[in-house]
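2 protein chains.
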Amino acid sequence: MNWFSRLRRRSIPSGAAPQLPARRETNEQARVDFSEFTPDILPFLGQAAYIQLENFENLARAVSAAPTLTAKEGLTRSAAGALSKHHELIELIRRQKAEPDETMAPFAPAIDAFRESTLGSDWWELLVTSYVTAGILDDFFTLLAAGLPERLAAEVSEILRRPGATEVIADLVRTEIAADPMLGHRLALWARRLVGDTLLVTRSALRGAQGFDDVEPVFTELIAEHTRRMDVLGLTA
Amino acid sequence: MNWFSRLRRRSIPSGAAPQLPARRETNEQARVDFSEFTPDILPFLGQAAYIQLENFENLARAVSAAPTLTAKEGLTRSAAGALSKHHELIELIRRQKAEPDETMAPFAPAIDAFRESTLGSDWWELLVTSYVTAGILDDFFTLLAAGLPERLAAEVSEILRRPGATEVIADLVRTEIAADPMLGHRLALWARRLVGDTLLVTRSALRGAQGFDDVEPVFTELIAEHTRRMDVLGLTA
Chain A
1180 MNWFSRLRRR SIPSGAAPQL PARRETNEQA RVDFSEFTPD ILPFLGQAAY IQLENFENLA
1240 RAVSAAPTLT AKEGLTRSAA GALSKHHELI ELIRRQKAEP DETMAPFAPA IDAFRESTLG
1300 SDWWELLVTS YVTAGILDDF FTLLAAGLPE RLAAEVSEIL RRPGATEVIA DLVRTEIAAD
1360 PMLGHRLALW ARRLVGDTLL VTRSALRGAQ GFDDVEPVFT ELIAEHTRRM DVLGLTA
Chain B
1180 MNWFSRLRRR SIPSGAAPQL PARRETNEQA RVDFSEFTPD ILPFLGQAAY IQLENFENLA
1240 RAVSAAPTLT AKEGLTRSAA GALSKHHELI ELIRRQKAEP DETMAPFAPA IDAFRESTLG
1300 SDWWELLVTS YVTAGILDDF FTLLAAGLPE RLAAEVSEIL RRPGATEVIA DLVRTEIAAD
1360 PMLGHRLALW ARRLVGDTLL VTRSALRGAQ GFDDVEPVFT ELIAEHTRRM DVLGLTA
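Protein chains in written order, with the working numbering: chain A, 1180 to 1416; chain B, 1180 to 1416.
I should point out that these hints are in silico values taken from the structure, not numbers from a laboratory. Errors might be hidden in some of the hints.
Which copy is meant is left open, because identical chains are indistinguishable; a pair holds if it fits in one copy or across any two.
Using 20 Å as the maximum straight-line C-alpha spacing, the simulated SDA-like pairs for lysine to any residue come out as follows [unchecked claim]:
hint, residue 1, residue 2
1, K1251, P1342
2, K1251, P1218
3, K1251, E1346
4, K1276, R1372
Predicted model only: the values in this text are computed from it and were never measured.
Work out the full structure: start from the sequences and follow the hints.
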């Protein structure tokens, strides 16, 4: 746990955007350092696929709870996007001659518990949950994919990098917090808790538990991308 | 309300499959008799699109509540199917130069209330709700589409006739009630209530309120198709 607090202290200096190397450089560094932490193909795909399913469930819940038809309609696009990612990852599991259900099953309890604990207390928090957790986790599994066989790595990246619910949720949240700054404060606090919980999920997905110093640049990159996404919402990470 | 009870008495003779004319004949009859009851294009599309959204919400809820990963995975396919139908009907609304949200809005309260009252008391009833209501309503709007301009009618039919959640739910229910006949009784009772509620939705979608005798063959056809779907579940309609 020290590792996370150290990471966060270093990567989010108070009141300033983190100083980052140019993005291309960071990605190359990640590609070098990170692939040894990539799990085997099936555990990778099982986790990645199940995480998309959980995000779909969050978005579907947000569709049902949406206060306006416009919001509902926008969120159905996001839900469809998460479901496509899920189904395409499932296809990749099938191509490995594995059963998707059996491949996902070992990861379901922990990811279910993560989802339960991050549903939030209202619709706005749920929107931020989908935005923050799917953002970080898609980035994370994209980076982790660098350790997969080349063709599979490219396919996984193509699926995960596809824009998710980002724009729809950002529009909704930005508009609302402009009218209600207290909501903005509450959502910023909520997002900070989500980052901690989400990084625990990423940590448990890494192969092996030593040598975290080696992967710190990747986590710095995850946090930097998260910070950019929070800027888009109009919130401080 | 008499009309419905008469309809049901006539169309579901106790203990026997209803005697039906050949399907093609019935459809032609419907094409002649039914088109005068077809609402204008936008009210038609608004209702049909919103009903798919509600079915998506039911299926998404069923995904979340699924007791096994296999069931969850199967139901995500059904949810994706309902969402595609919804989005394709939305596209048809846009092609009419109308706003989907405004087009659906007048129908949302009644359809929301219908959904609320048909959620059922557990996951099995929810599955049967999606199966029964989506089955009848897709058939109904397909028949009603006969009164739309020709090209649009063909497009709407193509969307609505695409198989929905049918097979996944039928497999789940059939397997379970084979092991638990009491559940079968309960679900058969639930389905009968659903038919009444669903026919009220179809009734309110008809243009005008007179001349129901003219459309009775269509309702007979709806009930006959429903009865066939219940046979697939292993339940008496």
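(request) Hint by hint, work out which the structure violates, then give me just those numbers in ascending order. (result) 2, 4
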